[in-house]
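J.: One line per chain: the protein sequences are A and B, in this order. Under this note's numbering, the first residue of the first sequence is numbered 1, with each subsequent residue one higher. Under this note's numbering, the first residue of the second sequence is numbered 1, with each subsequent residue one higher.
There's no promise every hint is true.
[As the list claims (entries may be wrong)] Not everything, but these chain A residues come out facing chain B in the computed CB check (under 7 Å): (1) Asp128; (2) Thr283; (3) Val321; (4) Gly374; (5) Gly562; (6) Gly601; (7) Glu643.
[What the hints assert, rightly or not] A few chain A residues that don't get close to chain B, going by computed Cβ distances all over 12 Å: (8) Ser52; (9) Thr155; (10) Tyr173; (11) Leu291; (12) Asn314; (13) Lys318; (14) Asp380; (15) Phe484; (16) Trp500; (17) Glu517; (18) Ser560; (19) Val633.
By construction, these hints were calculated from the structure, which means they are not laboratory data. For glycine and all other residues, C-beta sits at the position ideal for the given N, C-alpha and C.
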Amino acid sequence: MPSARIIFFCILACLLLPAHAQPVEDSVFLLKTVEITGDRMFEKQSAGMKRSSIDTLVIIRGAHLDLADLLSENTPVFIKSLGRGALATASFRGTAPSHTTVRWNGMEINSPMNGMVDFSLIPVYLLDEVELKFGAASLGEGSGGMGGSINIGNTVDWENTFGVKYLQGIGSYRTFDEFLQVQAGNSRIQSKTRIYHNYSANDYTFVNRGIAEIDPVTGAVTNPVDTNSNAAFKRYGLLQEFYYRAGGRHVVSARWWIQEAERTIPRATSYEGPDHSNLNRQTDLDNRLSLDWKSHGRKHRMTLRTGYTGKKLNYWLKNHVGGLGEVPVIYSTGKQNSFLNKLSFDYHFRGDLSLEASLDADYHHVATRDTVAGAGYDKDRIANSLFVAVRKSFFGRLNLNIMLRQDLIDFRAVAPVPYIGLDYRPLPGKAWVVRTHIARNYHYPSLNDLYWEPGGNPDLQAEKGHSAELGTEYSHSFGSHLLFAGATGFYSRIRDWIIWLPDYKGYWIPLNISLVETKGLEAEIRVQGSLGKVGYRVAATYACTDSRNFGDPRVWGDESYGKQLVYVPRHSGNLMLNLSWHGFYATYRHNSYSERFTTSGNDFSRRDWLYPYFMNDLLAGKSFRVKKLDMAVEFTVYNLFDETYHTVLYRPMPGRNYLLTLMIRY
Amino acid sequence: MMKKLFLLFLPLLLTACMKDDELWKKGPQPYGQSPSGVFIINEGNFMFENASLSYYDIKNRQVYNDVFFNANGMPLGDVAISMEIRDSLGYVVLNGSGRIYVIDIRSFELKGKITGFTSPRYLHFVNDKKAYVSDLYARAVSVVDPELQLITAGIDVNNNFPGFYQHPTEQMLQHGRFVFTNCWSFDNKVLVIDSELDRVVDSILVPAQPQSMVADRHGSLWVLSDGGFEGNPFAHERAALLRINADTYEVEESYLMGLDDMPSELGITGGGDTLYFLNRHVFRFVINSSGSPEVFIESPYGNQSSGGFYGLGIDPANSDIYVADAIDFVQAGIVYRFRPDGMPADTFRVGIIPGSFCFRY
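Using the sequences provided together with the hints, build the complete structure.
T.: In structure tokens:
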């Protein structure tokens, strides 16, 4: 961890530099938000849909984070993380990780192997926009997102001519982040290149409650202070974008994102075996390519997209065996290749009536193999989707959105998925909308669910759900201030929910066993503006999620009936306060979850129960201009109150830690 | 102790709110226990470190859960597989934590530990000064000094069998100077170790995946093999129960079961004359009787493909049968206690994935 004294002097030096101008970002983005909000709330294409975008400034400031942190700090999505840089999965409205679909520039990047996305592998630095679609609002792009969808993307700035940006982060536990961006172009053609490298030894210390040191004389038992060893992670990659604009009606985009991540999963904290046993490593090589052509005329919009996602996932677990050296116990490889294509067409008959149709044709191939156990599978899947939507606006006060999606998996039709949504504007001209929808959705079993060896169940049915939602949003600007507030109640009932259970044969198999009911309330409020020379931004979200298992009890004594699903908190919320003045800014972030259970019977012994979580971070920074360079220095304190905690059973988390980032832009 | 704390947007300057320290305090101790009881060793979920020890007072029919956590203010560890008692000390083998905890069997307090194992499974006392610890991945059986609580040597069981990780070692039984150990995972051998030379001297070929074994009143070895399962790259054969002569290593009796059977948890009464095992249901077989093993207690799971009984213990004093049910493996399990005639005598809840039993007298 860099010496505190050095950091202090750096900050002091930056504060003393004269601020030449207000940084460009603040004023520009403030203006944009005011203009867009009112109209954007009432578009007929999204009638009945709850959507929210993460503020662009938050994305820019969070460049050194991964998407898991960005979501948990700014949205009601619950992220279950196994630690810094470790697997992080989402639970959107109390659903399973595979029920949140993630799209990068419109292309789904959920793994066909397990249906999930590991959010710790997506650096925020690569993203220009992050938009959430809640629940069935995700049906506009595809099925399967029973909890919702998270849409991350890259946008083009046609005004840009040439720019270079470099970001350096240095943090506790030997954490080093480097990001470089180069962009060049003109009003017709643009290129943007981003490369990055992140590393952390992640070797924080903690009191290890899982190990007992027994005094040989007195017999007194104490816990040692241990280091989180074998937990380093490394990630590096490249994102290359090309954009071409022809005649103001056509835009062609080509994007390539390649990334390699290497990490180890730390051994159990109570592990007291030999140093060279149970060593492991996981490498993820992700390769994504997306090519799209968007064209629009006075009355129509058309998009043609073709893309590729590929993944190589390797995991090994080795033990040191006397006389033999390191011998693998598990040596598993997974290779995935997917080709995804979409053609969509949107036609406006009149200002108040439009029709959209789209066709998807995707091919997935997965091959997995464990060379030690000799097991694996090699399967492919063809997925097609037909989509039709009719949207009508009535008197500028009521929008109606009717959508229908029909999927075919390996050319067999699944149940059609309808959606009816309404937006109503009670007061004409005011940015106040009441919205509601009712829809069906389903999620097809992943390839691991069907074919994993041993245990995959090819007879699995799709998970099917109904959902309904009612909510309201209001936006109002007064003077230099802007207020946005919203509240939504949702209900969803999912049948044939897939869970993996141990079979008496000694391995686990997935079964359509549960009926899950999730319901709850989401609320958010955002206020921003300026008080004299001080700019401020306050954002808070809260979600109450009741997600319970109502599947048939398996046997007398099965206590899981009617209980909250594991790891889903009933209450969650976050709060952000940001102040800026003359290029100097400070942000306070708070994130909390209520208790979580780790057993299906919601047992709350000290062994099974996760206490409520409250996390506080504070950051301060200064942006300034030196000749032609924009620079910024930012210092973040994570875990402000140095709390001892764990978010997954007995996996200790770091205490107070720091990150210093420096940004230079030309 | 239900804590439902909910935070509304109370901003700022909250002092430490996550009461992690409160978790690590000692809890209530069981009082007035009768001398006889049984420890239920709850495995917990792998890497979750939620293994636990439950204690059931046989006479008073009272169960106490998390006895180790409550007595010591710290968790037991990760994946507890088995327990042995010798001289008022209990030795709990923690497969996921690579160690054996030594506890006082009355107060449940931690008295010592033996560390340095890769993936330990069972402990067997050869004498007061030497014990063997079997291991799943170390390809060696560790030799430990229980008084010094140290590993002193290792018995190499490396097989160099291409394609499979052999030999894993599981339970151990002693006959004279020889210790037999079954090799279960992707394997089909019972190894013979000379306990004076600390070396493997022979092996016995048995049907695939010998899961458990017991010795009967005549000194014969009974081995229960599950035969593997469909898709198992090592083998898929019929499950079997064998009687092996412990001196000549010859198979004297064998009872074959179906290809889809996966029997486990072979147990024997204190008198050494009746065998029990799990094969979805509880099966019983009286040694030296004509006929073959029969269903004795039916599983409430019926023909559901998943679920079923997970652990089995036989009281050596009165031959009561304890059956452990892990339900869905992510909630508190249940133990059913039956009298030797099959009549239910008690039912109680324990920890997560109750897997084995250790009787205390």
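J.: Taking the hints in turn, state whether each one holds.
T.: How the hints compare with the structure:
no.: 1; hint: Asp128; result: violated (29 Å)
no.: 2; hint: Thr283; result: violated (20 Å)
no.: 3; hint: Val321; result: holds (5 Å)
no.: 4; hint: Gly374; result: holds (3 Å)
no.: 5; hint: Gly562; result: violated (13 Å)
no.: 6; hint: Gly601; result: holds (4 Å)
no.: 7; hint: Glu643; result: holds (5 Å)
no.: 8; hint: Ser52; result: holds (17 Å)
no.: 9; hint: Thr155; result: holds (32 Å)
no.: 10; hint: Tyr173; result: holds (20 Å)
no.: 11; hint: Leu291; result: holds (40 Å)
no.: 12; hint: Asn314; result: holds (19 Å)
no.: 13; hint: Lys318; result: violated (10 Å)
no.: 14; hint: Asp380; result: holds (20 Å)
no.: 15; hint: Phe484; result: holds (15 Å)
no.: 16; hint: Trp500; result: violated (9 Å)
no.: 17; hint: Glu517; result: holds (18 Å)
no.: 18; hint: Ser560; result: violated (6 Å)
no.: 19; hint: Val633; result: holds (24 Å)
In summary, the numbered hints that this structure violates are 1, 2, 5, 13, 16 and 18.
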